[in-house]
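*Asks:* Can you build the whole structure from these sequences, using the hints too?
Those protein sequence lines, which keep their order, are chains A and B.
Using our numbering, the final residue of the first sequence is 378, and nothing's skipped along the way.
Using our numbering, the final residue of the second sequence is 253, and nothing's skipped along the way.
These are computed hints drawn from the structure, not numbers from a lab.
Please read these numbers as outputs of a predicted model, since none were measured by experiment.
Among the hints, erroneous ones may be present.
Which stretches of chain B does chain A cover? Using the computed rule of at least three CB atoms under 8 Å from a CB of chain A, they are [as the list claims (entries may be wrong)]:
(1) 147-155
(2) 168-182
Label pairs and their calculated CB-CB ranges [as the list claims (entries may be wrong)]:
(3) B/235 <-> A/8: 48 to 58 Å
(4) B/145 <-> A/132: 49 to 59 Å
(5) B/182 <-> A/8: 39 to 49 Å
(6) B/237 <-> A/116: 26 to 36 Å
(7) A/97 <-> B/206: 14 to 24 Å
(8) A/88 <-> B/208: 52 to 62 Å
(9) A/196 <-> B/235: 57 to 67 Å
(10) B/192 <-> A/75: 30 to 40 Å
Straight-line distance between alpha carbons at most 25 Å, and here's what the computed SDA-like set of lysine to any residue pairs gives [said to hold, decoys possible]:
(11) A/88 <-> B/194
(12) A/19 <-> A/29
(13) A/296 <-> A/345
(14) A/263 <-> A/314
(15) A/47 <-> B/156
(16) A/88 <-> B/214
(17) B/246 <-> A/80
(18) B/141 <-> A/77
(19) A/47 <-> A/182
Glycine included, every Cβ here is placed at the ideal spot set by N, Cα and C.
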Amino acid sequence: MSEERDAYQRELRSAAKRLGLPVLGNIEATLLRHATEAIAALSSKCNLGDLSELLQHAATSLDLEIVEIHEDRDLRSLLDRIPPTKEPALARVQMELDDKTDAIVLQRQNPEPWDRRYLAVINCRTWHAYRRYFSKWHELVHLLLEGRQLRLAFRKTDVERKHPEEILVDKIAGELAFYPPIFVPTLLEEIDEARRLTFAAIERVRKRIAPEASWHATLLAAVRHSPQPIYAIRARLGLKKAEERQTTDLLSSVTEPPVSKLRVRDASANAAAEALGIRVHLNMEVPTASIAAKAFEAAWGTVQSGREDLGLWRTSGGPIGQGPVTVEAVRRGDDLWCLLHFTPATGKAIRRQGTPARARTVKRSPSKPLWGDDAD
Amino acid sequence: MEQLAEKAGISKSFLSEVERGSDIGGERLLRVANALGASLEYLMRGVAAEEEFKPTSVEIPAEVNALAQDAGLTYRQTLALLQIDRSVMAHRRDVRQVRDKEYWERLYEAVKPFLEEKR
Numbered sequence: 003m004s005e006e007r008d009a010y011q012r013e014l015r016s017a018a019k020r021l022g023l024p025v026l027g028n029i030e031a032t033l034l035r036h037a038t039e040a041i042a043a044l045s046s047k048c049n050l051g052d053l054s055e056l057l058q059h060a061a062t063s064l065d066l067e068i069v070e071i072h073e074d075r076d077l078r079s080l081l082d083r084i085p086p087t088k089e090p091a092l093a094r095v096q097m098e099l100d101d102k103t104d105a106i107v108l109q110r111q112n113p114e115p116w117d118r119r120y121l122a123v124i125n126c127r128t129w130h131a132y133r134r135y136f137s138k139w140h141e142l143v144h145l146l147l148e149g150r151q152l153r154l155a156f157r158k159t160d161v162e163r164k165h166p167e168e169i170l171v172d173k174i175a176g177e178l179a180f181y182p183p184i185f186v187p188t189l190l191e192e193i194d195e196a197r198r199l200t201f202a203a204i205e206r207v208r209k210r211i212a213p214e215a216s217w218h219a220t221l222l223a224a225v226r227h228s229p230q231p232i233y234a235i236r237a238r239l240g241l242k243k244a245e246e247r248q249t250t251d252l253l254s255s256v257t258e259p260p261v262s263k264l265r266v267r268d269a270s271a272n273a274a275a276e277a278l279g280i281r282v283h284l285n286m287e288v289p290t291a292s293i294a295a296k297a298f299e300a301a302w303g304t305v306q307s308g309r310e311d312l313g314l315w316r317t318s319g320g321p322i323g324q325g326p327v328t329v330e331a332v333r334r335g336d337d338l339w340c341l342l343h344f345t346p347a348t349g350k351a352i353r354r355q356g357t358p359a360r361a362r363t364v365k366r367s368p369s370k371p372l373w374g375d376d377a378d
Numbered sequence: 135m136e137q138l139a140e141k142a143g144i145s146k147s148f149l150s151e152v153e154r155g156s157d158i159g160g161e162r163l164l165r166v167a168n169a170l171g172a173s174l175e176y177l178m179r180g181v182a183a184e185e186e187f188k189p190t191s192v193e194i195p196a197e198v199n200a201l202a203q204d205a206g207l208t209y210r211q212t213l214a215l216l217q218i219d220r221s222v223m224a225h226r227r228d229v230r231q232v233r234d235k236e237y238w239e240r241l242y243e244a245v246k247p248f249l250e251e252k253r
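*Replies:* Structure below.
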């Protein structure tokens, strides 16, 4: 973990130096501010309808052409338009755009004077389509962080998603993909309309200003920018760590196999919820009496909501808090998605009981972006 | 002209004025560049953007050298193969791709027909 953190810090320093930014203090915040200011400068000159338009303008400004490949026909059409005889690197794209690849960005060697110099080929086949909006922002942020001083001789061309540069780019892309000056006003309108952040409100926000974004990415961005204290939770059936070990231990004396229960796999809190000091633990069980558990049993896509007492949500150390919580939950595939809305009363109840507030509520490794499609 | 005006969301008469030399403004220029899929630099200056980085020296990896000998590649073809590899700036995938002998052979097979012209 410490090695990962060091590598990430090195990447931050190197990106800041490349862009002539100060290598002091919170470098990640400096880089994020740099990228956001670049987008803000562009946005201030345009009357933008939605975030897709912002993305399109940003790509054009960076001399980047983005091509989506949904099926073989799209790739053939790209190769007809830019034949490998003219741009041999396209033959490599054809060879490498496989199921393991999200995107390939290349600098064109023989463009016509009117062609854009950079070409991002986004894999939208099968499940990759789900990530396409984020992938476009990701590749664009690469160019922004290069300052377009492309390190052709020294660059890392084949990068794993866990590479420090990719983690940094993911974080910045996550912020820009839901550029707050466009995203937040629409989000607040929909929250006002629904009286709280609901799945339906999130979907309306997505359709209005980020139609290309995935449901999941929009959900996490909405939670992050919501002024109300809220947690987004993803849960699915699974075992406790000790139970998992038991199942693989050939010498175990336990004869009855452990039963999978609905457990928290991801939990994201916004700043307002963190301030309440409530902590949803990873792998904790979703209470069977909770509305959330009922939603998991219901038909796919059926939203269940209502109020319950946070005291239901327990770990081996006791309840994670007390007081009213509004729960909204829906099952999508094998996952249960749940929004936990706290009220000021929830926080007060906890403080009355003397539960210490904790500064950090969600444990994350540096390889995991705070939000964005990569949280999958 | 009509198609372009429609695609860019600006009026045909405005485009005609621009053609006669009126200032187009940043946002409209972006819209035209988007509609045409063209380079902004070219629309602004009428020339291609300058290449930002040109490598001054080339190092040929041992694997490429071996492949060049086996396949009988000329120096120009070998450089072209390296350039094809280097023109890919980012390739985001699940697993890191190692630039071993097998990688270079696969790349060579994929681009072989286009290297023949450079003999």
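*Asks:* Determine for every hint whether it applies to the structure shown.
*Replies:* A quick look at each hint next to the structure:
With 0 residues carrying a beta carbon less than 8 Å from a beta carbon of chain A, the segment 147-155 of chain B misses the three-residue requirement, and the given coverage is violated. Counting residues of the segment 168-182 of chain B whose CB lies closer than 8 Å to any CB of chain A gives 11, which reaches the minimum of 3, so the coverage claim holds. Judged by the Cβ atoms, the range 48 to 58 Å given for residue 235 of chain B and residue 8 of chain A is violated: they are separated by roughly 32 Å. Separation of residue 145 of chain B from residue 132 of chain A is about 38 Å and departs from the stated range, judged on CB atoms against 49 to 59 Å.
For the hinted restraint 39 to 49 Å between residue 182 of chain B and residue 8 of chain A, the CB-CB distance of approximately 42 Å keeps it satisfied. A beta carbon spacing of about 34 Å between residue 237 of chain B and residue 116 of chain A agrees with the range 26 to 36 Å that was offered as a hint. Checked against the hint of 14 to 24 Å, the C-beta distance between residue 97 of chain A and residue 206 of chain B comes to roughly 22 Å, which is consistent with it. In this structure the supplied range 52 to 62 Å is violated for residue 88 of chain A paired with residue 208 of chain B, their Cβ-Cβ distance being about 20 Å.
The supplied range of 57 to 67 Å is met by residue 196 of chain A and residue 235 of chain B, whose beta-carbon atoms lie about 59 Å from each other. Against the hinted window of 30 to 40 Å, the Cβ-Cβ separation of residue 192 of chain B and residue 75 of chain A comes to about 37 Å, which satisfies the hint. For the suggested pair residue 88 of chain A and residue 194 of chain B, the alpha carbons sit about 23 Å apart, so the restraint of at most 25 Å is met. Taking the CA atoms of residue 19 of chain A and residue 29 of chain A, the gap is about 10 Å. The hint holds against a cut of 25 Å.
Distance restraint check for residue 296 of chain A and residue 345 of chain A: the Cα-Cα separation of roughly 22 Å lies within the 25 Å cut-off, and the hinted pair is therefore satisfied. For the proposed pair residue 263 of chain A and residue 314 of chain A, the alpha carbon gap of about 16 Å is at most 25 Å, so the pair holds. With a C-alpha separation of about 19 Å, the suggested pairing of residue 47 of chain A with residue 156 of chain B holds against the 25 Å cut-off. Using a Cα cut-off of 25 Å, the hinted pair residue 88 of chain A and residue 214 of chain B holds, with the two alpha carbons roughly 12 Å apart.
The hinted pair formed by residue 246 of chain B and residue 80 of chain A meets the criterion: a straight-line CA distance of about 19 Å does not exceed 25 Å. With a C-alpha separation of about 24 Å, the suggested pair residue 141 of chain B and residue 77 of chain A falls inside the 25 Å cut-off, and the hint holds. The suggested pairing of residue 47 of chain A with residue 182 of chain A holds, with an alpha-carbon distance near 16 Å, which does not exceed 25 Å.
Hint violations for this structure: numbers 1, 3, 4, 8, all remaining hints satisfied.
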